[in-house]
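Colleague: Sequence:
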Amino acid sequence: MKKIFYILILVSGTFLYSCQEDFLERSPLDQISDPEFWNSQSDLELFLNSFYDSFQGWPASGGGKAPTKDEGTDLALEGLNAFGGTLTARMDGVLNVPASGGGWNWGNIRNINYFLANVDRVPVGGNMRDHYIGEGHFFRAWFYFEMFKDFGALPIITVPVTAEDEDILYGSRADRTEVFNFILSDIDLAISNMKNSKELATPGTRLSKDIALLFKARAALYAGTWEKYHQGSVFAGKTNGTEYIQQAATAAKQIIEDGNFSLVTGDSSKVYFELFNQVNYAGNPEVIFYQHFDRVVGDSFSNQLWNWPNGYGYTYEASRFYLSNDGLPIAISPNFVGDATLDILEKNRDPRLAQTFMVPGDIRRIQGTDTLMFINPDVDNSGTGIESQKFRHIVVDPAIGINNGNVDYIFMRYAEALLIYAEAKAELGTLTQADVDMTINQLRDRVGMPHLILNNITPDPNWPNYGYSLSGVMHEIRRERVVELFAEGFRFDDLTRWRAHEYWMGERFVGTFATPELKGSSNVPINADGFFDPFQNRLSGPNGGYGFNPERDYLMPLPTNELTLNKNLTQNPGW
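Residue numbers (the UniProt record's numbering): 1 to 575.
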């Protein structure tokens, strides 16, 4: 008990790194150096376990887990009562410089630095010591990367800081290139020290070399494409991003060639839907990293979504990314029968649309002998009238009811590695048809969609205008990311790394068409074309659309108190 108590002192505390008073009020670090601790591999595991909470809970946007991880973007909007606390504020450019906080929080980094500074006290030996060292480097890279996306340049801190370390406390920020190179070095240390998932006692629920490789691919693609598309702006680093994009391709290719994972296949009409509502992903070939919820020990995650939409709804514009079932864009496909109303939205479309969006006739819930059908959406609650089918576990376990659940939660899956490899190769100008067949076309095969053929890409008049020219294949790869990774939390990062503000500035995304039966039961505004328009008269930009400032809003502001305490810190551009 004493050992656990000391760990909680350290890990549960927060760290305002530039405020000396915070250090003076805290227990000295030597009180945590319990002689009973740092003696075994199990001590290392115990220390690291608390950091796994960083993968859980509510995403930075302010919404819950799936299906609202993309809320506040063009794909999912808040309802009338939820506006303002999410990514919408960033996309609309209405954030203010905070007096304190605002995400500038160094507690996790301080704690993981303490772990890395003391890990060598554990005697050499055992088969997991190096693995746990790798986990430590993974977590530091993870925490740094999350702050890197929000703030760009950061102080690089590698030791546990005390009040006497004034050179660190009042240090300056390293530029974004130095910071990302530091992140990459930590990820590489994680890769070199950790075991493959299949070598672990609980594969998929503990960090592994495979997870670190996918993290490297994800982070390097983010940093590389950010540098490419932000080149010449105030947000660019010291590189054009090519080296990072190549590293993303290499890491993703290693995951593919290692052969430890593959896509789940099955009935094309439900295989995608069923991927996201399993009660145990152990042995699932596609899931690389997940959280297991076990009711026996009191875990609960209500991914049954009995109360969805819970304040969020998908957009009409999101549905238009999905191709017709002949593989052609809906603007030119003879199979397209329309999409304004929910009753025809999914007809003759990519099967993933029907397995992601909910329309009348879908099953909302099966409880015992009762089957509850979806008839009409709750427009006031969703804001758009378009509700979620993806992630829904429709069969209620009678032992736990609708208020509890034990559906597992996916953090990383193999499909992302395929999409990263395809995008990275296209950005490098080296994408081949063999690459496409190995990646994009595997994703399409499992739902019965026609292949993407490089020399036969049909121009789509509805391709987004990103403010710069883009090849047809790059448009299609970006489309595939929307469709395959929908509502899994990638959209805001994608839009910002692509410098895509021209796509949403001055625009306003809408919901489904307001049919008479929906119009009569809703207070959501309706636009001139007859579509539900929840953000009407609520955004700050031109034409009633988003008011994003491209010279400021790609990064968040540092809080005022940090700039006051540390004169060596500089504010982000435009703030």
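The hints are simulated quantities; they were obtained by calculation from the structure and are not laboratory data. Do not take every clue at face value.
Listed next, the in silico SDA-like pairs over lysine to any residue satisfying Cα-Cα at most 20 Å (straight line) [stated by the list, open to error]:
1. Lys195 <-> Lys253
2. Lys347 <-> Val271
3. Lys253 <-> Leu565
Colleague: Look at each hint and say if it fits the structure.
Modeller: Now for the hints, and whether the structure bears them out:
1. Between the alpha carbons of Lys195 and Lys253 the distance comes to roughly 18 Å, so the proposed pair stays at or under 20 Å and holds.
2. Taking the CA atoms of Lys347 and Val271, the gap is about 18 Å. The hint holds against a cut of 20 Å.
3. The hinted pair formed by Lys253 and Leu565 fails the criterion: a straight-line CA distance of about 45 Å is larger than 20 Å.
Taken one by one, the earlier hints fail for this structure only at number 3.
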